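Trainee: Residue numbers (the numbering used here), protein chains in the order written: chain A, 154 to 262; chain B, 327 to 444; chain C, 105 to 433.
To be clear, the hints were calculated from the coordinates, so they are not data collected in a lab.
Note that this is a predicted model, so its numbers are computed, not measured.
Each residue gets a CB set at the ideal place from its N, CA and C atoms; glycine is no exception.
Derived Cβ-Cβ restraints for the label pairs, each shown as a range:
no.: 1; chain 1: C; residue 1: Arg128; chain 2: B; residue 2: Ala441; range: 20 to 26 Å
no.: 2; chain 1: C; residue 1: Leu314; chain 2: B; residue 2: Ala441; range: 49 to 55 Å
no.: 3; chain 1: C; residue 1: Gln236; chain 2: A; residue 2: Ile175; range: 53 to 59 Å
no.: 4; chain 1: C; residue 1: Ile205; chain 2: A; residue 2: Ile175; range: 33 to 39 Å
no.: 5; chain 1: A; residue 1: Ser215; chain 2: C; residue 2: Phe394; range: 33 to 39 Å
no.: 6; chain 1: C; residue 1: Ile122; chain 2: A; residue 2: Arg249; range: 28 to 34 Å
no.: 7; chain 1: C; residue 1: Pro217; chain 2: A; residue 2: Leu216; range: 28 to 34 Å
no.: 8; chain 1: C; residue 1: Trp228; chain 2: B; residue 2: Glu429; range: 49 to 55 Å
no.: 9; chain 1: C; residue 1: Arg355; chain 2: A; residue 2: Ala242; range: 22 to 28 Å
no.: 10; chain 1: C; residue 1: Leu314; chain 2: A; residue 2: His191; range: 32 to 38 Å
no.: 11; chain 1: C; residue 1: Val118; chain 2: A; residue 2: Ser236; range: 27 to 33 Å
no.: 12; chain 1: A; residue 1: Ser155; chain 2: C; residue 2: Arg355; range: 55 to 61 Å
no.: 13; chain 1: C; residue 1: Thr208; chain 2: A; residue 2: Leu181; range: 30 to 36 Å
no.: 14; chain 1: A; residue 1: Ile175; chain 2: C; residue 2: Met105; range: 20 to 26 Å
For lysine to aspartate or glutamate, the following EDC-like pairs were computed, each having C-alpha atoms within a straight-line distance of at most 20 Å:
no.: 15; chain 1: B; residue 1: Lys427; chain 2: B; residue 2: Glu440
no.: 16; chain 1: C; residue 1: Lys190; chain 2: B; residue 2: Glu437
no.: 17; chain 1: C; residue 1: Lys190; chain 2: B; residue 2: Glu435
Which residues of chain B face chain C? A partial, calculated answer using Cβ under 7 Å:
no.: 18; residue: Ile350
no.: 19; residue: Ala367
no.: 20; residue: Met376
no.: 21; residue: Ile387
no.: 22; residue: Pro399
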Amino acid sequence: MSGFLDIISWILLSLGGMFVFIGGLGALRLPDLYNRMHAASVTDTMGSVLIITGVMLQAGASLASVKLFLILLFLLITSPTASNALASAALLSDERAKANPQSTSESID
Amino acid sequence: MELLGLFHYWVFAILLMIGLYAVIAKRNLIKKLIGLSIFQASVFLLYITMGKVEGGTAPIIQTGSAEQLFSNPLPQVLILTAIVVGISTMSLGLGIVVRIKEEYDSIEEDEIQEANKQ
Amino acid sequence: MIELFGIFLLSLMVITAIAIVQTRHLFAAVILTGVFSLLIATNFFLLDAADVALTEAAIGAGISTVLFLSALALTDEHERSSSANKYVALAVVAVTSLILIYATFDKPRFGDPSAPVHQHVAPWFIENTSSQIGIPNMVTAVLGSFRGYDTLGEVFVVYTAGIGVLFLFGSRRTRQNGEPTKSGLDPSEGLRHYLIPRIVGRLLIPFIILFGLYVQFHGEYGPGGGFQAGAIIAAGIILYALLEGEKQALRVLPDRILTGLMAGGALLFGVVGIFGILAGGNFLDYSVLFDNPMTGQQIGILLIEAGVGMTVTGVLLKIFHAFAAREHI
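Please model the complete structure; the sequences and the hints are all you need to start from.
Mentor: Below is the structure:
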């Protein structure tokens, strides 16, 4: 493992960690389900792509990298599907987005 | 390392007691079963923690390397089967709860006892 | 670094457990139980128990969540009554946990190779796996051969639990074909109206089943074996049932076949044991099955693992179908 690749890998890992943190913060702070899902999708896409790419650089050209790539592929296929299923289930049970994100306390029908 | 080891055992004790609390204090039968599964999981954690050997690897022999230190395979075998047995017995419990709901139209313990008195 | 990660995971587990007990919404409690299982599986992996982690992830986070949710659909999603004798219970729990924590100070150091648990039996297993059985995964070797009686017992417990659920539900009150339910959607149709989950699910199911078979037959070399594979394959078929409807799933894997798998797996395990007696050895002694004792052991483990996988798949699917076919009243 050359020093250069190591540095790139660590940059990717920290960036990915940052995105996961932002996604988690958004999921906690935003007012309603759809906004929260929007925030959590940052974790699914940028977070997982950056972290797995970073780990792949650490693993080098080996079987582990291939497995990590497959995991990435699996995540990229399944997590949008899960979001879609979650959103349509929420629509079906009459969950509405709040019109004005500022007024978190009152609900709007 | 010292702290982590004790921390594992403490988490075991706390989880065991959280599960026990759900079993003795909650009146909802499904909640009791969930508490039981937490109780069970904490026992699994205790076994696996005790099987860990410092600097060891998973008990799978790697070809090529001569001297290897393995974690204890025996607790892992016991817990592996216990997990599957746990889910089977849990589903038996869930089946009984569903039957109780059908007969008494409730899964709350106090309401069932009330219905039994009449 | 790894210690920090362990402490983080353990703290998350305690927080999740408290949240599970606190919430009055049973649906949320069940989903949190799935999260809890995933956390404990990660923890098992950190503690070098790859096989156990695989089992817990497939069963705890996958199948048990589905079973709890189908039980909730038949009962109630909300916890109505408050806790009974809350303060007495809290006091009992607090005192007991203090005693338990006090007792942990006498436990051997974490990871201590000279702890009593590592002195008896286990070193023998570690030493003799390669010379007597010749497969790399010691967990499979101990499970299948050295402690075969134990595993036979466990398989029959799983089998009996499956029969118990079938007895409880009998044949009464199963839903009639096409009968509408409260929500107006026919649950036996599954998620056919939802294009995206359906297409992606159909794409993934063959890979899930393939992975299950890999775990089944690669169990002697890597983490895996019948218990895990049975759970993974059952999870794949349950996913199919959720997407395409329960009736379609029963058309693909009919009830007869599931009953056959359930009984056949347990039977296969027992028969392999009896063949050991017929070949002049002890019950569940595989080394007499072939001329070369090591080949005999390997074939024996392969067969009984197949039996375990069949029974676990059959029982889990039977239980799922029993819950799914039950009419809500």
